[in-house]
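Peer 1: Each chain, letter by letter, is given below.
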Amino acid sequence: MEDFELRYDDSRSVGGEYMASIRALIVDDSAVMRKIVERSLRQAGIGLDQVLEAGNGSDALDVLRRQKVDLVLSDINMPVMDGLEFVRQISGVENARGVPVVMITTEGSESHVVEAISCGARGYIRKPFTPDQVKEHVLPLLEPGS
Amino acid sequence: MTLIPVPTPTMRAGNPVSGVEWGRLMVEAAQEVFEIMVAAKLTPASADEQHGAGVTAMLGFAGVPSGVFSVRCSWNAAVAIAARMLGASPNDLAPEQVCDAMGEICNMVAGSVKSRLQDAGAGCMMSIPTAVRGVDYEVRCLACDCCYSIIMEFDRQSIVFHLELQS
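From first to last, the protein sequence lines stand for chains A and B.
In terms of the numbering used here, the first sequence is numbered consecutively and its last residue is 146.
In terms of the numbering used here, the second sequence is numbered consecutively and its last residue is 167.
Keep in mind the hints are simulated off the structure, nothing from the lab.
From a predicted model like this one, the values you see are computed outputs, not experimental measurements.
In this text, a Cβ means the ideal position worked out from N, Cα and C, and glycines have one as well.
Careful, some of the hints might be misleading.
Unchecked claim - If we take Cβ atoms under 7 angstroms as the criterion, some of the chain B residues that face chain A in the derived model are:
| no. | residue |
| --- | --- |
| 1 | 37 |
| 2 | 86 |
| 3 | 100 |
| 4 | 101 |
| 5 | 107 |
| 6 | 111 |
| 7 | 118 |
Taking the hints into account, I'd like the entire structure generated from these sequences.
Peer 2: Right, here's the structure in full:
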């Protein structure tokens, strides 16, 4: 986590512990789903300092080349570049090395989860999802030293 | 809007999805998606009472099974669904947001059905969803030869989930 610019906002807390305000990148070809993911992060008590968006993996890589983020949430089934290829290529972007990536997708089979993790994803959430599920999968990845 | 049904639900022997209860799967998947993402309960309806402008979101899937899955409802119902998904006022929504939301509903229900088929040995790839909005149009799968429809009620309006399969 040494490259992350974590800012602490005393107004937010989850389970009695202060939450960092983070910069998140949400990747999904559906603008509606990007908004729903953002709202779920906020409902999960995750402080968002800034939310960046991209409609496919290629655009997301461009965003990551320009800006550092603390967390990436990505769909898999997208045009131009899908989420699995996007995760494979993230390690080649200096800004994004070590940044946790969580896949949020309708694909729920074990083989898809295994493939996503082998590509470099750190978490996997199946749509439809609740804010509690987002919290369960994302919060541990934001803890220092995770 | 008219769907062209070919009501011959037969599958070749040995097909891993030949014994699947499609109607039950679709009901379970649709109710799960609506409860979680729309915060609304879907209840079974006896008739499709859609009149006027409607929207149909659809996606194709290839493998086992292959076919087209679609979700159809009135424009007013689609606006209500999108508003609840986004936590927004219906008056603040652009038409493209409504179509986008219906595409995601279609995507999630189809994905949920697909997940429930894993145990049956099924495996398929899903396309990106498409939404069509209009007053008088037909949707048909050219290569499909059996179909299943369920009619549910959302906000006192009917919503139809339709599955067309290649046997």
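Peer 1: Against this structure, judge whether each hint is valid.
Peer 2: We went through each hint and held it up to the structure:
no., hint, verdict
1, 37, "5 angstroms, holds"
2, 86, "6 angstroms, holds"
3, 100, "4 angstroms, holds"
4, 101, "5 angstroms, holds"
5, 107, "6 angstroms, holds"
6, 111, "3 angstroms, holds"
7, 118, "5 angstroms, holds"
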